[in-house]
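> Sequence:
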Amino acid sequence: MKPAKGDSPEPATPMAKNKKSPAVGGTKKKAFNESKAWKSGMAKLYGIGASIVIIGALFKIEHWEGASEMLIIGLGTEAFIFLMSAFERPHAEPKWELVYPELAVEDGEPAAKKPVDQLDDMLQDAGVDNAVLSRLGDGMRHLGDQAMQLSEVTDAAAATSEYGGALRTATEKVNGLTDTYTQVSDSLTGLSENKEMSIAAGEQLQKMNDNLGSLNGMYEAQLQQMETSRQLFAGMSDLVQNLNESLEDTKKYKDNIAALSTNMEALNTVYANMLNAMGNSRG
Numbered sequence: 114m115k116p117a118k119g120d121s122p123e124p125a126t127p128m129a130k131n132k133k134s135p136a137v138g139g140t141k142k143k144a145f146n147e148s149k150a151w152k153s154g155m156a157k158l159y160g161i162g163a164s165i166v167i168i169g170a171l172f173k174i175e176h177w178e179g180a181s182e183m184l185i186i187g188l189g190t191e192a193f194i195f196l197m198s199a200f201e202r203p204h205a206e207p208k209w210e211l212v213y214p215e216l217a218v219e220d221g222e223p224a225a226k227k228p229v230d231q232l233d234d235m236l237q238d239a240g241v242d243n244a245v246l247s248r249l250g251d252g253m254r255h256l257g258d259q260a261m262q263l264s265e266v267t268d269a270a271a272a273t274s275e276y277g278g279a280l281r282t283a284t285e286k287v288n289g290l291t292d293t294y295t296q297v298s299d300s301l302t303g304l305s306e307n308k309e310m311s312i313a314a315g316e317q318l319q320k321m322n323d324n325l326g327s328l329n330g331m332y333e334a335q336l337q338q339m340e341t342s343r344q345l346f347a348g349m350s351d352l353v354q355n356l357n358e359s360l361e362d363t364k365k366y367k368d369n370i371a372a373l374s375t376n377m378e379a380l381n382t383v384y385a386n387m388l389n390a391m392g393n394s395r396g
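Numbering (the numbering used here), first residue to last: 114 to 396.
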């Protein structure tokens with residue numbers, strides 16, 4: 114029933130209060146060092162603080178100005194980082210025993226057995242050993258062999274009718290094979306005749322080959338004779354050239370002898386005139 118206009122609403126039930134109240138039945142509030150903001154801030158603190166520590170150490174190593182102050186700042190930052198890391202909660206180890214039950218060992222108690230081990234224990238308690246399992250396997254194989262033999266007996270009648278049909282088919286194939294054999298025999302006869310013709314053609318080709326070999330030998334001999342004649346003609350040409358050069362030299366020698374004889378005659382005339390002149394001067 115709806116309340117009248119102007120009436121105050123009914124108070125909330127305890128269930129409603131419990132739903133709204135975070136203290137009763139609500140979600141438990143996480144600690145500050147478990148919050149996402151804490152983890153994100155610590156990650157940034159580690160990175161920025163490490164860079165400050167490294168810069169301070171670099172100033173000290175290089176002996177730059179202000180090295181002592183930078184080293185103090187760097188080491189102070191590192192000490193602050195260690196102080197803040199003391200408030201971090203340890204990492205939660207995963208419960209591997211839920212995935213691997215054999216890891217669940219407490220107070221020296223043996224781990225839970227696997228299903229396979231439990232099955233082995235059940236078979237052992239029932240008195241089922243390897244011999245019983247072996248006999249069971251032999252029985253199953255024997256049953257399979259009997260079923261196969263029964264199937265073979267069932268198929269015997271069908272196999273008999275198929276055998277008759279196969280014989281008829283084989284007879285037809287034998288008849289066809291006879292015809293094929295006749296055709297092959299005729300083909301072999303033609304091949305024999307072709308073989309004789311091939312042998313004759315081969316002999317003719319051999320003769321032609323021999324004749325070509327002889328012609329080739331004669332051609333080579335002719336080439337050798339032509340080379341010898343060419344060399345002979347070249348020698349004769351050199352000889353004629355030498356003779357022509359000798360004739361030129363002989364002609365020059367003849368002209369020189371004639372000029373020498375003329376000069377000797379002129380010299381004799383001069384000498385005779387000198388002798389006559391000397392004789393006249395004495396007289």
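Among the hints, erroneous ones may be present.
Restricting the straight-line Cα-Cα distance to at most 27 angstroms, the calculated cross-link-like pairs of lysine-lysine (DSSO-like) are [said to hold, decoys possible]:
| no. | residue 1 | residue 2 |
| --- | --- | --- |
| 1 | K208 | K143 |
| 2 | K365 | K320 |
| 3 | K157 | K173 |
| 4 | K308 | K286 |
| 5 | K308 | K320 |
| 6 | K143 | K157 |
| 7 | K365 | K286 |
| 8 | K142 | K152 |
| 9 | K208 | K152 |
Rather than coming from a laboratory, the hints here were simulated on the basis of the structure.
> Each of the hints needs a verdict: does it hold here or not?
Here is how each hint holds up against the structure:
no., hint, result
1, K208 - K143, "holds (21 angstroms)"
2, K365 - K320, "violated (68 angstroms)"
3, K157 - K173, "holds (25 angstroms)"
4, K308 - K286, "violated (32 angstroms)"
5, K308 - K320, "holds (18 angstroms)"
6, K143 - K157, "holds (21 angstroms)"
7, K365 - K286, "violated (113 angstroms)"
8, K142 - K152, "holds (16 angstroms)"
9, K208 - K152, "holds (23 angstroms)"
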